[in-house]
Amino acid sequence: MRAKQTGRAMRYSAFQILKQGLTGNKGWQPVWRSPEPKPAYDVIIIGGGGHGLATAYYLAKNHGLTNIAVLERGYLGGGNVGRNTTIVRANYHLNGNSEFYSHSLKLWEGLEQELNYNAMMSQRGVLNLCHSDGQFDFYSRRGNLIRAQGDDAEMLDRAGVQKYAPYLNFKDERFPIRGGLLQRRGGTARHDAVAWGYARGADLRGVDLIQSCEVTGTDIENGKVVGVQTTRGAIKAKKIGMAVAGRSSQVGQMAGLRLPIESHILQAFVTEGLKPIVPGVVTFGMGHFYLSQSDKGGLVFGGDIDMYNSYAARGNMPMMEHVMEAGMAMMPAIGKARVLRGWGGIVDMTMDGSPIIDKTHVDGLFFNGGWNYGGFKATPASGWCYAHLIATGNHSEYATKLLMNRFVTGHVLDEEGTGAHPNKH
Amino acid sequence: MRLNCPHCGPRDLREFSYRGAAKLIARPDGADMAAMVDYVHYRDNPAGPNAELWLHEYGCRAWLHIVRNTITHEVLSIDLARDKALEAGR
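Chains A and B, in that order, are what the protein sequence lines are.
Terminal number for the first sequence in the numbering used here: 427, no gaps in between.
Terminal number for the second sequence in the numbering used here: 348, no gaps in between.
I should point out that these hints are in silico values taken from the structure, not numbers from a laboratory.
Virtual Cβ for every residue (Gly too), placed ideally from N, Cα, C.
The reader is advised that the hints may include incorrect statements.
To be verified - Examples of chain A residues toward chain B, derived with CB under 8 Å:
#	residue
1	Ser251
2	Arg260
3	Ile263
4	Glu264
5	Met309
6	Asn311
7	Ser312
8	Tyr313
9	Ala314
10	Asn318
11	Met353
12	Val410
13	Ala422
14	Asn425
Said to hold, decoys possible - What follows is a list of derived Cβ distance ranges for each label pair:
#	chain 1	residue 1	chain 2	residue 2	range
15	B	Pro286	A	Gly419	20 to 26 Å
16	B	Met259	A	Glu38	41 to 47 Å
17	A	Glu175	B	Leu344	46 to 52 Å
18	B	Lys281	A	Ala315	23 to 29 Å
Using the sequences and the hints given, assemble the complete structure.
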């Protein structure tokens with residue numbers, strides 16, 4: 003499958019670790035090149051995050067396109083792919099979303115072998131707690147729809163949850179644990195490694211990864227895109243794909259795109275390293291809270307977005323307090339752990355809570371964004387489907403409903419049923 | 259973050275809830291489909307000064323029209339949404 007290797011590719015293996023370890027670790031090579039931008043490319047991807055890098059990788063691997071540049075204003079993987087809580091799952095219930103995330107989970111399962119890169123993919127299970135009969139019924143229905151899609155889902159009753167996750171709070175009178183929806187194939191992956199693995203895979207196939215290169219304008223002639231202006235000069239391209247979630251409105255504006263998106267802040271937190279206590283991912287059903295434990299031992303958790311538009315990439319105290327309170331309600335033991343740090347990321351919140359992968363009104367310009375707070379698990383399928391769209395001009399069978407004009411036609415994908423309020427999804 | 263409510267003075271962020279872009283004051287004629295789609299779904303989403311609506315939910319319950327910098331969170335102006343709506347002839 004390695005169509006266009008550059009000749010200096012180093013295959014990672016246990017043997018390689020042993021060999022390098024015994025020779026003073028002097029033989030490791032840079033994971034990717036740092037090329038100067040060429041004057042023209044077939045395809046330019048704006049944004050060197052997880053989705054942009056995955057798109058470049060699949061354009062090269064699935065469609066044989068290699069005259070590609072990924073333009074990144076900062077450094078590769080420096081945005082939300084390095085800021086999320088690393089959860090991978092496919093537990094959506096609407097047609098349009100479910101086949102997309104189902105495809106993504108399947109790609110996750112073979113990702114490390116395919117990329118020859120340790121992404122620490124760990125299918126340790128994702129458990130969504132429910133706290134009332136109504137919620138139990140709703141989750142049962144969701145579980146059935148997930149199974150109908152072909153993915154795994156099982157309902158645990160209270161005793162089942164107690165057996166699976168005995169460290170949770172079973173004495174809470176206000177939010178009693180009624181049961182849970184468990185997806186055993188869900189889990190976590192090392193987020194940075196996913197970006198690096200895709201970057202390496204794309205670079206090996208000849209894609210130019212160009213860092214510290216900010217796009218400052220889009221060149222459009224007669225309704226067709228012809229190139230971009232950047233801080234490192236003008237670069238021509240036949241096709242341009244945006245993958246800049248968080249900054250979609252700004253980059254879109256350069257090409258006259260008006261988007262159904264608000265930018266909000268989502269915070270995440272990590273504690274000091276602890277002995278293993280939480281084997282999988284657990285989410286609280288009475289408030290937005292999700293928790294897992296990293297391989298290093300830190301509890302990684304997060305909650306709601308900060309609720310107001312922001313590009314500050316840092317959160318505010320009330321939401322921090324809210325997240326801690328939800329965590330204490332679900333699992334009081336975490337009160338003994340010290341929080342090491344918290345951070346914020348800018349997320350594209352769409353008006354229905356679902357993403358967009360589509361063409362735009364400009365010929366040759368494509369849009370990928372609106373990932374809300376759930377872009378990480380979508381990374382493989384997002385790259386796969388976006389590459390398909392850019393290369394062929396047609397939507398992949400896994401992403402036929404993530405359309406830009408669904409807000410005009412009324413075919414919105416409102417998984418939570420909260421309406422056009424981005425801060426409520 | 260604190261917001262200086264015209265009725266109550268400076269109050270903690272916890273007392274307020276965010277209710278979206280200030281353009282929601284200007285509801286278009288329902289027969290104008292394009293205007294209604296834009297009203298419901300599309301946003302300027304600026305990185306910089308943003309006009310928005312807040313509700314002083316756990317205070318005087320007034321709707322506020324706030325211009326706030328989305329990069330720094332600096333509040334540039336706070337008015338009663340009612341005054342802004344009247345000013346615009348609503």
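Structure-based check of all given hints:
Given hint, A:Ser251 at the interface with chain B, holds; its Cβ is 4 Å from that chain's nearest Cβ, closer than 8 Å. Using the Cβ-Cβ criterion of 8 Å, the hint placing A:Arg260 at the interface with chain B is satisfied: the shortest such distance is roughly 5 Å. A cut of 8 Å between beta carbons decides the hint on A:Ile263: the least distance to chain B is about 6 Å, and the hint holds. For the restraint placing A:Glu264 at the interface with chain B, the shortest Cβ-Cβ distance is roughly 5 Å, inside the 8 Å limit, so the hint holds.
Against a cut-off of 8 Å between C-beta atoms, the interface hint on A:Met309 holds, since the closest Cβ of chain B lies about 5 Å away. Look at A:Asn311: its Cβ gets to within about 5 Å of chain B, closer than 8 Å, so that hint holds up. A cut of 8 Å between beta carbons decides the hint on A:Ser312: the least distance to chain B is about 5 Å, and the hint holds. With a cut of 8 Å, the hint placing A:Tyr313 at the interface with chain B holds, because the nearest CB-to-CB distance is about 5 Å.
At its closest, the beta carbon of A:Ala314 sits 6 Å from a beta carbon of chain B; the interface hint therefore holds under the 8 Å criterion. Taking 8 Å as the C-beta cut-off, the interface hint given for A:Asn318 holds, the closest approach to chain B being about 6 Å. The restraint placing A:Met353 at the interface with chain B holds, with a minimum CB-CB distance near 5 Å, inside the 8 Å limit. For A:Val410, the interface hint holds, the least distance from its beta-carbon to any beta-carbon of chain B being 5 Å, beneath 8 Å.
Against a cut-off of 8 Å between C-beta atoms, the interface hint on A:Ala422 holds, since the closest Cβ of chain B lies about 5 Å away. Given the 8 Å rule on beta carbons, the hint for A:Asn425 holds: about 6 Å separates it from the nearest Cβ of chain B. At about 25 Å, the beta-carbon gap between B:Pro286 and A:Gly419 stays in the expected band of 20 to 26 Å. The hint said 41 to 47 Å for the Cβ distance between B:Met259 and A:Glu38, and at roughly 43 Å that hint holds.
At about 49 Å, the CB distance of A:Glu175 to B:Leu344 agrees with the hint of 46 to 52 Å. In this structure the supplied range 23 to 29 Å holds for B:Lys281 paired with A:Ala315, their Cβ-Cβ distance being about 25 Å.
The structure meets every hint from the earlier list without exception.
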